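Protein chains in written order, with our numbering: chain A, 1 to 409; chain B, 410 to 1004.
Worth flagging that the hints you see were computed from the coordinates, not collected in a lab.
Owing to the predicted nature of the structure, the values given are computational and were not obtained by experimental measurement.
Heads up, none of these hints are tricks.
Coverage of chain B stretches by chain A, computed from C-beta distances (three or more under 8 Å per stretch; other residues unrestricted):
hint	region
1	411-421
2	427-434
3	453-464
4	569-578
Not everything, but these chain B residues come out facing chain A in the computed CB check (under 10 Å):
hint	residue
5	437
6	438
7	442
8	581
9	583
10	918
11	919
Note that the Cβ used here is the ideal one computed from N, Cα and C, for glycine as well.
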Amino acid sequence: MRPMTIPKPDLPAFLAVLTGSYLVLAPRRVGESDVVFSELDDDTPVELDFVNTVAPPKTLFFPSRETLFHIEGARRPSLHLPGSSVATGLEASASESPVSTGLEASASESPVSTGLEASASESPVSTGLESSASESSVSTGLQASAPADKPLAIFGMRSCDATGMAFLERFFAGRGFEDDTILARIRAALTMTLACHAPGPDCFCVCCEGGPWLTSAFDIQFSDLGDRLLADVRTAKGEAAVGAASTLFSPAASEDLDAWSRQVAKVDVAFERRSYIAGGTKRISLGQIPQAKWEEWAEDCQDCGGCCFVCPTCSCFTVTDRQTGDDSFDRERVWDACLYEGFTREASGHNPRAAKAERLKRRFFHKMSYQYIDVMGRHGCVGCGRCVATCMGGLDISTLLTRIHDECH
Amino acid sequence: MAFHPSTCPFCSCGCALLLHEEEGRLLGSYPRVGADGRAALCIRGWNCTSSGSHPDRLTAPMVRGSNGLVRVSWRKAVEEVAARLAGAASAPLFAVGPTLANEDVLAVRRLASLLGGRVCPTDLSGAPVARFALGQVLGRGYGIRDLETIAGSDLIWIFGADSDECPQVASRVAHARRAGGAIVRFDVHASGGGDGSRAVTVPPDRIGLLPLVLQKAVFDADLSAPEARGAAGFEGLTDRWRLGLSPGERTWLPDEAAQALAREFRAAQRPVAILGSRWLTSAQAEIHTVHLLQALALLGAADRVLAAVGEANSWGSLDVIGQGTIPAELACREDGLDTLCVVGDDLVRRSPRPDTLADTLEHLSTVVVIDRFRSDMWPFAHVVLPSCTFAEMDGTTTNVFGAVQRWHRAVSPPGDCCPERVWASRIGRLFGVECWPGEESLHQSLAADGCAAPQADRQTHLAFAPPADEVAPRETGFDGAFPMRMVLGSHAANWSTGAVSQREELLRREVLESTLSAAPAVLEELGIRPGSPAKLMVPGGEATVTVRADRRLPSAVLVLVPLAGSSPERLRGCYPGPGRRSIGVQPVPARLERA
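When you get a sec, could you build the whole thing from the sequences and use the hints?
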């Protein structure tokens, strides 16, 4: 589809059209300084002038805490999907129709599956309670939590975050295991990025192939041209969305494309923060950083785990049972952090990475080494800069790569 | 789905955060740009959202009957409380925890006033000690205004703090060090070197002498700041040293070394002093802290002090309660007490002498507990009223810098839970009085009640009035039965969170058990392998605890990091005798043996 433009005042109307088919989220301000993705309402306008959202969009698809299933009764367990008061309930959920966007073009090209059908027959999941529950045959397909009523349409996702979502999609789809639940959410979503016209002080996406503009990993890429937005529509899903509000869009004129080109040139040189990605990747991959350096840097780590939680590409989680009553539990998936001491502690009590320096080294190896680039198709940093803002110890990707460059000749 | 601005409920730094809520449930927290312009949380802040649904959460009022505590309607529970208060033989004592919002403390204070009772903080040490000393020397209850003052410092003195005690403070110290600032640690173990800091290792029994040694150094080297010379009481302080008072001979900090340190501090452009929990909970801490602030005032920096301890509203609740109150622990042990209301804390778990406190509680006619979680107060309670966690109500807290911050309601409280101010109002109404009208601002309410408003903006009035107590600490010496000294250590993930949370899963996983650190030579001599259990004995009892080797420790010092509620925690120590102003829980004479 050729580039289109939409006047800024018409943006709310466009998003309103999408609400028929999607749960539409857009950047909105909370307080003076913070921007988050939230649902549309009449009180707070969609924010176009911001560096990035506080939380990465991964939280919309891969929540920091999510109930996988519910276990009720110690003697006779019954299982509940979240939101369901009927025991097991799996059959009903599985027979419901796959989530539709309501937009025919995209629905026909990429039908969204809940994953229940396949998993119900292929991968029985144990609750671990069978021995005490002989009367109950524990049902299956539990990894699929209840699908959302509507897929998400996210307007205003920054380029770095869209790159991060593509990374996560690869992670959850690849290497012999597919997480149907998360993949269904990601693949059903309409991703509408908002290219950056001014980098923030912590941004370094330009060093990480994470922005400020993209050539893939979006359905529609919007660029701010002052009184209007330029829309670069790349997928059938995006075309359907624009088509549903066709009266609001006009084909882009040559001056629109000229303005966009000028902006690209201006933004590319506006980044103040640079990062020594290539040198850092080489030294980390080849083990050229002295152990003493890792130990010295680790002294500054405060074990908060914040770098992992704000990272658009970090995907580590743990699974815990949360007691909800005398004999009932929720089995939950909860974000975890590789810098936490307990992350690699084994059941025996042995911890291969008990020392903070080992955890820090592992994190950077996992994020930046050739070995992981080979597996994931790119390194694990998109340059969003959130870790720069949140790390109290100066151990974010950008700063530590600079320390490697400065201190490890 | 929504994001609600709020404030971390876990310590007195009061970091700004956003709560991620979906369908009435908290999913996570994210850092928000706070007053200092930074957006960062420590491990506690990142994991603060699951307390509301903890299995120990109280959701319904309960009244004790013949078969124990039974659920009742809130109306019946309130009537039971009112009847008991009306028929009490003595004025009630209200023990108020440090995690209540200012509004809730004020409502409880009003209820106490209505009933002729009094309000005492449950905090034993830490923030109350620091506030008392700051008030004595500076005339205000707060020290430095923000964490960035530490990051921008060129010299930091740290008294009795573990490096991972408060991550926000530790990160600013590290920042200052990376920028070329010097760090000096005064502690019972020699932690200098690893992070580039220097160390002054103080024998555990001589901690209280350190401020006097520093004062003496200031006078010996004639280093007193001009503003100190003009302050009230300066001449009296000078006379003390002119009269030849001597802190005695010391190998751990001789006069020359003390003078060199004082000179360095005086010459620094932006010096800062940090008082950690080991300092502010040490024996005689109140007197020692006054002396230490006097020394810092003589060096021109009494207002550049951070007392890096406290829970969510330790500082604000003391503002509202007012100065001059004794800790609830001591008030509970006074003769004639008949009725006790414990609001937002667990006195038994907090007590260094839980067994004797339990004896006292058992004999009271009425114990009312208003709390968020089931606690060790449960067996003594006649009435239990469930209250809200920080995410379930609106309210304000005052952080260690004197900034008043907000909690916003992000989710609905479960069952009959409601803020303490609502319970106070319901009880007060049965006596014909409204304890929390609701429409007033906090400051108006405080003024109406004659409370001190948050004092951060008050003018400093430097004064050197010495406390009327002994000057030098008594050296207890070592004996054969207990030849070592045990002090407390801390870890951020195992840090006191009061009654806000009963531990989030990830925090629990980070610190699985209590640990005791000792010098490697000591462990070798006793035949104890690091990582194995050992028997720790103090005069009040004993416990088995896993041992770690710590090369920084002198041979006579043990550092215990107890898990809240564990048996090692019960070995923390004991109070000085009744009537003393100082509340100390360490160092404790100790002995270590193979398990």
